[in-house]
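Participant: In case you want the letters, here they are:
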Amino acid sequence: MEFKVSPLTKIISLSGFLALGFLLVILSCALFHNYYPLYDILIFLLAPIPNSLFSKSSYSSSDFMSEASNNGSDLAHFLTGMLVTSGIALPVVFYHCDLIGSISCTMSMLGGLIIYSSVVIFSWFFHSNWDSEEDALFT
Amino acid sequence: MDNEREERLFRLPFKIPTFQGIRTLGVYLSGIFYALGIWTFLDAVLYSKHANASDVHVTFIDWIPFICSTFGMLIVSSIEKNRLLQGALNGESSLGSSLGNLDSRMAWQARSVLFFGFSLLAGGLSGSIVVLIIKFLVKDYTSYPTVGMGVNNVLGNVCVLLSCIILWIAQNAEDEYSYSLTL
Numbered sequence: 001m002e003f004k005v006s007p008l009t010k011i012i013s014l015s016g017f018l019a020l021g022f023l024l025v026i027l028s029c030a031l032f033h034n035y036y037p038l039y040d041i042l043i044f045l046l047a048p049i050p051n052s053l054f055s056k057s058s059y060s061s062s063d064f065m066s067e068a069s070n071n072g073s074d075l076a077h078f079l080t081g082m083l084v085t086s087g088i089a090l091p092v093v094f095y096h097c098d099l100i101g102s103i104s105c106t107m108s109m110l111g112g113l114i115i116y117s118s119v120v121i122f123s124w125f126f127h128s129n130w131d132s133e134e135d136a137l138f139t
Numbered sequence: 001m002d003n004e005r006e007e008r009l010f011r012l013p014f015k016i017p018t019f020q021g022i023r024t025l026g027v028y029l030s031g032i033f034y035a036l037g038i039w040t041f042l043d044a045v046l047y048s049k050h051a052n053a054s055d056v057h058v059t060f061i062d063w064i065p066f067i068c069s070t071f072g073m074l075i076v077s078s079i080e081k082n083r084l085l086q087g088a089l090n091g092e093s094s095l096g097s098s099l100g101n102l103d104s105r106m107a108w109q110a111r112s113v114l115f116f117g118f119s120l121l122a123g124g125l126s127g128s129i130v131v132l133i134i135k136f137l138v139k140d141y142t143s144y145p146t147v148g149m150g151v152n153n154v155l156g157n158v159c160v161l162l163s164c165i166i167l168w169i170a171q172n173a174e175d176e177y178s179y180s181l182t183l
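Protein sequences appear in the order of chains Z and U.
So the first sequence is numbered by our numbering: it starts at 1 and just counts up by one.
So the second sequence is numbered by our numbering: it starts at 1 and just counts up by one.
Calculated from the structure, these hints are not laboratory results.
Please read these numbers as outputs of a predicted model, since none were measured by experiment.
Do not take every clue at face value.
Listed below are several chain Z residues computed to face chain U (Cβ distance under 10 angstroms; list not exhaustive) [stated by the list, open to error]: (1) D74; (2) G81; (3) T85; (4) F94; (5) D98; (6) S102; (7) I103.
The C-beta atom is built at its ideal place from N, Cα and C for all residues, glycine as well.
Make a model of the complete structure from these sequences and hints.
Facilitator: Dropping the structure here:
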């Protein structure tokens, strides 16, 4: 991490990135007057929450014999995988059921992935001691 | 870079994945498969509601197998795996002591609950196949967009079963590992 970028630049560029994601999703709704893809934003905003909740508690008690923390992080990983996959699958299912068009499907999927990755990169920048590889798997 | 500072055995440009990493990957994979199962099933439901040209619709009967396999997965993955192992080890060598009795009774309970969970999972899968046959194939709805609703139901249940198997393997491998450490 020898980037030599000031934190302010990171924050500004990440917020621009996040706004781009929101713009893509909202545009995919508003261009076609069909507001179903807005659920994608909700799912991708929920997706980083389980890992951020459970990573703290498993970090404080890093005893490898204890299993309670392990169970918590397992649940967090399971929920993360589930939410990210459902965020990707939601526009595809809507497209298959003729609720939204193909352009709208692509735009909302890309926008949701941009929102999720910007949230993950944000937490990765500012908790540098966090175990980053596990979260960067799904960006 | 701090990568070069730690000692490495091979000159590979990437790190060899550790056991813990594989386990984490397995849990992620299980979550991915569960979400795939949910969305394959919900695809059938939404398709029946919004884009259906035929006169067959998804009703509550199609939901029952999926609910069964979800409950089965919940039961199977929420049971404490150490109870099974502990009972199997102490059950044979217990010389009538009360502690061994307690352990074997606990292991028996764990085994019966586990059996219940697995039978719920298998019942979900076979129930979805039954729905596919009785509701679609017998009544000659064999053209694709219509029979796709039944096929999606089966595929969703298969995905949930696969996710449960992956989760079980990942967690059990970890249990054996830590068990050999505690010995």
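Participant: Hint by hint, note whether the structure agrees.
Facilitator: Checked hints:
Because the beta carbon of D74(Z) sits about 5 angstroms from the nearest beta carbon in chain U, less than 10 angstroms, this interface hint is met. Satisfaction of the interface hint for G81(Z) is found here, the shortest Cβ-Cβ separation to chain U being roughly 3 angstroms, below the 10 angstroms cut-off. The beta carbon of T85(Z) comes within 4 angstroms of a beta carbon in chain U, closer than 10 angstroms, and the hint placing it at the interface holds. Here the hint on F94(Z) is kept, as its CB sits about 8 angstroms from the closest CB of chain U, short of 10 angstroms.
At about 4 angstroms, the closest approach between the beta carbon of D98(Z) and any beta carbon in chain U falls short of 10 angstroms, and the interface hint on this residue holds. The restraint placing S102(Z) at the interface with chain U is violated, with a minimum CB-CB distance near 14 angstroms, outside the 10 angstroms limit. Residue-level restraint check for I103(Z) is violated (minimum Cβ-Cβ distance to chain U is 18 angstroms; threshold 10 angstroms).
In the structure shown, a violation is registered for the earlier hints numbered 6, 7, in ascending order.
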